[in-house]
Amino acid sequence: MNNQHDSDSTSTTTEQLATFANELADAARKIILPYWRQPIEVISKMEHDRPIAESPVTIADQKAEEIMRKLIEERYPEHGIYGEE
1 MNNQHDSDST
11 STTTEQLATF
21 ANELADAARK
31 IILPYWRQPI
41 EVISKMEHDR
51 PIAESPVTIA
61 DQKAEEIMRK
71 LIEERYPEHG
81 IYGEE
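Going left to right, the sequence shown walks through residues 1 to 85 as this note's numbering numbers them.
These are computed hints drawn from the structure, not numbers from a lab. Where hints are given, some of them may not hold.
For each label pair, taking beta carbons as the anchor points, the in silico distance ranges come out as [to be verified]: (1) R75 / R37: 17 to 25 Å; (2) I40 / Y82: 34 to 42 Å; (3) I81 / R50: 29 to 37 Å; (4) E78 / N22: 17 to 25 Å; (5) V42 / Q16: 32 to 40 Å; (6) T13 / E54: 34 to 42 Å; (7) K45 / I72: 17 to 25 Å; (8) S44 / E15: 22 to 30 Å; (9) Y82 / Y35: 21 to 29 Å; (10) E74 / V42: 16 to 24 Å; (11) P51 / T14: 30 to 38 Å; (12) I43 / T13: 36 to 44 Å; (13) M46 / S11: 38 to 46 Å.
Ideal Cβ placement from N, Cα and C applies to all residues, glycine included.
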């Protein structure tokens, strides 16, 4: 009996999660890179429950989070997502 292959098929290994994290970073990079060193609007959002209530956010931040959320929901629909933007 080989324990490597006996695990539940729905479980996710650390290596699989690390690989997926790299995929997320690559997808976010593709979104963010066109905004690099370009004039961009910065929106200040207020989060009064934080030590510093004002938090800057850009369209690049928001779009990067959107693509990462989409990819997570597709790959791991049973997972919850906490987002910062």
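Provide an ascending list of the numbers of those earlier hints which the structure does not satisfy. 1, 2, 3, 8, 10
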